[in-house]
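Novice: Please build the complete structure, drawing on both the sequences and the hints.
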Amino acid sequence: MRTPSFWYDFSMAQDVPPQPATYADLEAVPSHLIAEIIAGRLHTHPRPRPKHANTASVLGGTLVGSFQTGVNGPGGWWITDEPEVHLGDDIVVPDIVGWRRDRMPRLPDTSFYSISPDWVCEILSPSTESLDRSSKREIYAAHGVSHLWLIDPERRFIETFALTGGQWLLLATYCDDAKFAAPPFEAVPFALSLLWAD
124 MRTPSFWYDF
134 SMAQDVPPQP
144 ATYADLEAVP
154 SHLIAEIIAG
164 RLHTHPRPRP
174 KHANTASVLG
184 GTLVGSFQTG
194 VNGPGGWWIT
204 DEPEVHLGDD
214 IVVPDIVGWR
224 RDRMPRLPDT
234 SFYSISPDWV
244 CEILSPSTES
254 LDRSSKREIY
264 AAHGVSHLWL
274 IDPERRFIET
284 FALTGGQWLL
294 LATYCDDAKF
304 AAPPFEAVPF
314 ALSLLWAD
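The sequence shown begins at 124 in the working numbering and counts up one residue at a time.
I should point out that these hints are in silico values taken from the structure, not numbers from a laboratory. Errors might be hidden in some of the hints.
[What the hints assert, rightly or not] Label pairs and their in silico Cβ distance ranges:
id : residue 1 : residue 2 : range
1  : A162      : F235      : 15 to 21 Å
2  : T296      : F235      : 29 to 35 Å
3  : S316      : E252      : 19 to 25 Å
4  : P312      : S237      : 29 to 35 Å
5  : R164      : A264      : 17 to 23 Å
6  : S316      : H209      : 34 to 40 Å
7  : W319      : S234      : 30 to 36 Å
8  : R172      : C298      : 16 to 22 Å
9  : A264      : E205      : 19 to 25 Å
10 : P249      : G188      : 27 to 33 Å
11 : L293      : P153      : 16 to 22 Å
12 : G188      : L230      : 15 to 21 Å
Positions of the beta carbon are idealized from the N, C-alpha and C atoms, including for glycine.
Specialist: Here it is as structure tokens:
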């Protein structure tokens, strides 16, 4: 009987799970991409498109004036756009976030935040919507984020959620040019039409 010139032990063949992504993996991502580590996996997506960026800028500016600096509003918050937030093993980059100053009196000296935000706003785009609506929502709930807003600048609507019993409760959906006032920033209403580029 002839011995085959090669052999393969099929008992050794098995799927080896990939190693979880590391911070070094995240740092190696080119600067023109946004990188996050979610459930051990590295996710990258392009910088926001102009309508997305406009909505984020207008909303951030509106909230900073009233809720961070206290101009025509109560103040008491830190409002930041696209921060790197470490929540357990997950590293996320929400579009806009807010912390109550009584929970975070000072900004950290690190290049990231490790305190869970009190409010998160994700601005939906084709490349991020499924992640924003699934894994990231679950992470925010697991880490006790009290309020979540999801904004779609193309379809011109905003959904507002509150964390209730560890689950997201949809409070309301606003669209087009509605007058907008929603927790946790209901103290200063504004016209939703300000957020839409057209």
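Novice: Next step is simple, just say for each hint if it's right about the structure.
Specialist: We went through each hint and held it up to the structure:
Checked against the hint of 15 to 21 Å, the pair A162 and F235 passes, with Cβ atoms roughly 18 Å apart. The beta-carbon spacing between T296 and F235, approximately 32 Å, falls within the hinted interval of 29 to 35 Å. Checked against the given bound of 19 to 25 Å, the beta carbons of S316 and E252, roughly 22 Å apart, stay inside it. Range check, P312 to S237: Cβ separation about 33 Å, and the 29 to 35 Å hint holds.
Take R164 and A264: their Cβ atoms lie about 19 Å apart, and the range 17 to 23 Å holds. As the Cβ distance of S316 to H209 is approximately 36 Å, the hint placing it in 34 to 40 Å holds. Distance hint check: the CB atoms of W319 and S234 are about 33 Å apart, consistent with the given range 30 to 36 Å. Checked against the given bound of 16 to 22 Å, the beta carbons of R172 and C298, roughly 20 Å apart, stay inside it.
The given range of 19 to 25 Å is respected by A264 and E205, whose C-beta atoms sit roughly 21 Å from each other. At about 31 Å, the beta-carbon gap between P249 and G188 stays in the expected band of 27 to 33 Å. As the Cβ distance of L293 to P153 is approximately 36 Å, the hint placing it in 16 to 22 Å is violated. Remark: the range hint 15 to 21 Å for G188 to L230 is upheld by a beta-carbon distance near 18 Å.
Of the numbered hints given earlier, the model fails hint 11 alone.
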